[in-house]
Every structure is written in structure tokens, then in C-alpha cells.
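Undergrad: Sequence:
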Amino acid sequence: MKINYPAVIVAAIVHFMIGGLWYGALFEKKFIELIGWTPAQVEQIAAQSHVRELVFAFLCSLVLVYILAHFVQYTKATGVAGGMQTAFWLWLGFVATTQLATVLFEQRKLGLYLLNVSYQLVACLICGAILGAWKPKRGAEPANAS
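Per my numbering, the very first residue in the sequence shown carries number 155; after that it's consecutive.
Computed cross-link-like contacts, DSS-like style, restricted to lysine-lysine with a CA-CA straight-line distance of at most 27 angstroms:
#1 289 to 156
#2 263 to 183
#3 289 to 230
#4 263 to 184
#5 230 to 291
Computed spacing ranges between beta-carbons, pair by pair:
#6 248 to 202: 30 to 38 angstroms
#7 251 to 164: 25 to 33 angstroms
#8 194 to 290: 47 to 55 angstroms
No wet-lab data here; the hints were simulated from the structure. Glycine included, every Cβ here is placed at the ideal spot set by N, Cα and C.
Required output: the full structure, derived from the provided sequences and hints.
TA: Encoded structure:
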């Protein structure tokens, strides 16, 4: 199976950046409210280094997008719509369902679930669009994935 590695890297960076925007500029206050952190906890967390967590989050984005790229190839999805459709079905089957089970069994807040899976939906759709639309230059065959 041929994987377009430059597209995977770019899509992983985009996925990671959307996470930063989602839990930062867009929904930071709502996230803090839903997670139940006090102002003192927020202050303490903000004062700490988060390099390890950020590296791990990027690696998670990279793995997610790499697997998504395999499914885009497997389904022979082409173009923005094809990549987004593949991403949607994977999100519905593997993200929305597995995360809902944690809400039910661990009694987590439904709002937090919706915030988290909505981030994954938006990020996965955009990454699927990138992977579906980005074709390697002529003559430049992507490397074979082993």
C-alpha cells in the first residue's frame, strides 16, 4: 500500500494544531468548566511545563493520521469528499462509540464527551480532506508502507 508521507506529516501537524485551538482559544473556558478544575488548579497547571504532554499529543496525532492514510488508500478514496467520508466513518465507528462507553460506564459528563468527540470529528474530517486531495507529484511515487 502506498502512503503519501508528506501529506501524513502535514495532516498530523494540522490535527495537532486544531487540538491546540479547540482546547485553547475556542473552548478553553468550557473545557475547564466541564473538567471541573478550580481557578487554583488552572493556575498550578498553567505554571507547569507541558512538553511531555505536547510531544505525546503530537505522536498520537501522527499515529491517527497515519492509520487514516491507510484507510484512505484501502477505500480508494479520492478528493476532499472521499477523504472526509472515510474519516467520518472511522470517527463514527471507533471514536464516537468507544468514547461514549467511557461516559456511560465511568459516569463522565456528556458535555465533555461532546466537546472531545467534536474535536476529533472536525480534526479527522480536515485530515481526511488533506489525505484524499493531496496527490504526489508525477514521477514521485510514495514509499511503500511495510
